[in-house]
Every structure is written in C-alpha cells, then in structure tokens.
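Trainee: Based on the sequences and whatever the hints tell you, model everything.
Protein chains in written order, with numbering that gives the first Met the number 0: chain A, 0 to 191; chain B, 0 to 191.
Keep in mind that the hints were calculated from the coordinates and are not lab data.
Please note: incorrect hints may appear among the correct ones.
[As the list claims (entries may be wrong)] Quick list of in silico lysine-lysine cross-link-like pairs, BS3-like style, CA-CA up to 27 Å:
no., chain 1, residue 1, chain 2, residue 2
1, A, Lys91, B, Lys48
2, B, Lys91, B, Lys131
3, A, Lys171, B, Lys171
4, B, Lys48, A, Lys130
5, B, Lys171, A, Lys166
6, A, Lys131, A, Lys166
7, A, Lys48, B, Lys91
8, B, Lys131, A, Lys48
Spelled out from the first residue to the last, the chains are:
There are 2 protein chains.
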Amino acid sequence: MSMIDTMSTTHVDPASLDLMFPQELISLEVSAQLPSDLQIRPLASTDYKRGYLDVLSVLTVVNDLGEEVWVNQFHAMRATPSAHFSIVVLDKASDKIVGIGTVFIHCKFLLGFGSVGHIEDIAVAKSHQRKKLGFLIVQALTHISESSGCYKTRLGCIDTTMPFYQKCGYAKMANEMVKYSPEHVNHASMKL
Amino acid sequence: MSMIDTMSTTHVDPASLDLMFPQELISLEVSAQLPSDLQIRPLASTDYKRGYLDVLSVLTVVNDLGEEVWVNQFHAMRATPSAHFSIVVLDKASDKIVGIGTVFIHCKFLLGFGSVGHIEDIAVAKSHQRKKLGFLIVQALTHISESSGCYKTRLGCIDTTMPFYQKCGYAKMANEMVKYSPEHVNHASMKL
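Mentor: Given below as structure tokens:
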C-alpha cells in the first residue's frame, strides 16, 4: 500500500468526529501554515487511539488509565472543565468584605487527570492590611485546592511579593509569560 | 447603637446565603486563626452589596458593571466556570497525532469579567520536532484565547524555553510560584 493509499483509508474527516469544541476556533492562518500532510483540529473523543498520551509523554509523566477512562474524562472536561472557588473575608460588624481570593481548578491530561489549583486575585482592604489576612486567604485557597485533590497549586507573583508567597509555602518554579491581546496591550503597563 | 448590636443586626448567617460552593471546603484551621470579628466563607450571590469590587479595586482595575451583571456572572461562573480547549496536530497518513496543546479560559472578576487564557502542556512527537509545530500550536492556542475575548494569555516556562516563547510574542511578566500537595512533593523534582 502506498503512502497515498494509506492516507485515503485511515484519515478521518473532522466533520465526522466528536470534537471538544468547534473547528471554527482554530486559526485559519495557522492551518494555512501547516505542511499539507498535517492537520490541526480540536481534540476528538476518539483521539486516545491516535496516540494522544504518547505525545504527552514526550513532555511529562502521563499515567495512562486506559481508553474508557480517557473518553469519560474527555466528556467531563467538555461539560464542566474546571471549578471556580472564590472566598471572602467578612467584617461581621459592618457586614462588609475585607478580603478576597480565588482558586480555580483545572484538570489536566497528565498524571492520570491530575488537577492543578490556580490562585488569583487576592486582595485585602486597606483597613485590614498587616493583619495576616493575605496569608490566611492563601492558606484557605491552598486548602481548597489540595482537599479537592490538586497535586499542586500555582500562582504568579512579582519579585517584591515573592517573600510573602515563600512564607505561604510556595517556591519559584518557572517564569510567568504573558501576551496581551491586540486590543488590550495597554494593560501590560498596568500589570493586569 | 453599640458595636455588638450592629453585629447582631447586620451579620447574615452563611447558611442562609447562596454560596458559590459548600462552606465545608473552607479550612477549619484557617477559620480558627481568624480574629473572632472576622469570618471566612465562600463568595455569596449577594456579595456585590458587601463591597466585593471595592476590595478588588485595591489590587487592580475593576470595571464595575453593576449589581445585576455581577450576580448573573456569579451564577455563570458557578455553572460553567471556564472552557477547556485542547488541540491536536494530526499526521494524516498514519492518522496519528504528532502535536498537542491546551488552552483553558478562566473568567475573572476584574476588568468587567475579563477572561484569561492559560496555555498548558504543549508537546510535539520526536518525529516531528524542529518543524515549527510548537510555534504553530502556540499561535493556534493564542488565537483561540484572543478570539474568545481573552485580554491576555499566559503560560509558565523554564529559562531554557523562554526564547521560544518570546518568539511566539510572549514576555516575562512575573514569577511562577508553586506548592505541591503533601502527597505529591515528589513531583517537584520532576517539574510537573
């Protein structure tokens, strides 16, 4: 069987696949830059058979739990891909919030669908700063993350707040890289 | 009216609130460390009135869109807090995947519910490395993120891969801090 024959018999039309999201969201510009023997498309429910985990294992530890689990997870991720946990610290007397923080949990394909907690947007009212509320919020969010089964919790921080997060049990692992959308490049200077 | 009277009249029992998630996920250890005049609990649908955005504005630009929008967003975040987009690059001849990547989108309370795309787990099969597939996958994921309305897209990377991501249009913004759960501290050495 020639290469051409193989292509015609094994390649599946994306329109017939159960995709994670519409093909329309794939950049046409990117598709156009691919060599003609390659195709870019959303993940499909049958991609376990196409070696998804083999490729992932190039990067990291996969923990292959088998196809049935993989397909079930595909549908679960599509339906409810993550969970959002926002907490507040409330001043009872005034019934006003004085501290806030969020962790959202994202399920990955690696480590047997390991989850990661992402801590974001911790803030304490000026009236209640220097009372360790920030530290407690981080602990509470880390607890939510870990008790929800997350193997790690991550956050981004600038150099000046790094000692604070080190006290919270966090260590520098990598660099946080950011790209702003063309309409929002002005946000870069605000460090949003 | 004394402080005690004020507390008894304005403070709302968390059990009567419409919470984002069960109170049980708040660490008892953390709750115990709070001064008795403070309370820690999940975000409630009525917290707009309690100054949620005022606190957030300590940290960043809020873009207050009003209470009705805030409450609608609360329910939307609880129901479907984010969206998960995994893409693959497929080799047509073999019908095998040769490249993968994921971006998940997380909606924040700041910037009028601005969304951020988080790029994760990009991998290319050894057979297809040095063909710019990684670059294209990053472009495709960034496109999904930006065309879904994300004001920024972020990712974590180690020093050696930073030049690659700079070529993709990303710039270092901060440090990526990580804490592993007690059961998974061994993952730290694997940089998972």
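Trainee: Given the hint that Lys48/A pairs with Lys91/B, test it: the Cα-Cα distance must not exceed 27 Å.
Mentor: Judged against 27 Å, a Cα distance of about 14 Å means the pair holds.
Trainee: Is the Cα-Cα distance between Lys171/B and Lys166/A 27 Å or less?
Mentor: 23 Å, holds
Trainee: Lys131/A and Lys166/A: Cα distance at most 27 Å?
Mentor: Within the cut-off at roughly 11 Å; holds.
Trainee: Does the structure keep Lys91/B and Lys131/B at a Cα separation of 27 Å or less?
Mentor: Given pair Lys91/B, Lys131/B holds - Cα atoms ~17 Å apart, limit 27 Å.
Trainee: Please verify whether Lys171/A and Lys171/B have alpha carbons no more than 27 Å apart.
Mentor: Status holds; Cα separation ~14 Å.
Trainee: Given the hint that Lys131/B pairs with Lys48/A, test it: the Cα-Cα distance must not exceed 27 Å.
Mentor: 25 Å, holds
Trainee: Below or equal to 27 Å on CA atoms is what counts here, so check Lys48/B against Lys130/A.
Mentor: Distance ~24 Å between Lys48/B and Lys130/A Cα, so the pair holds.
Trainee: Decide if the proposed pair is consistent with the structure: Lys91/A and Lys48/B, CA atoms, cutoff 27 Å inclusive.
Mentor: Holds, at roughly 14 Å.
Taken one by one, the earlier hints all hold for this structure without exception.
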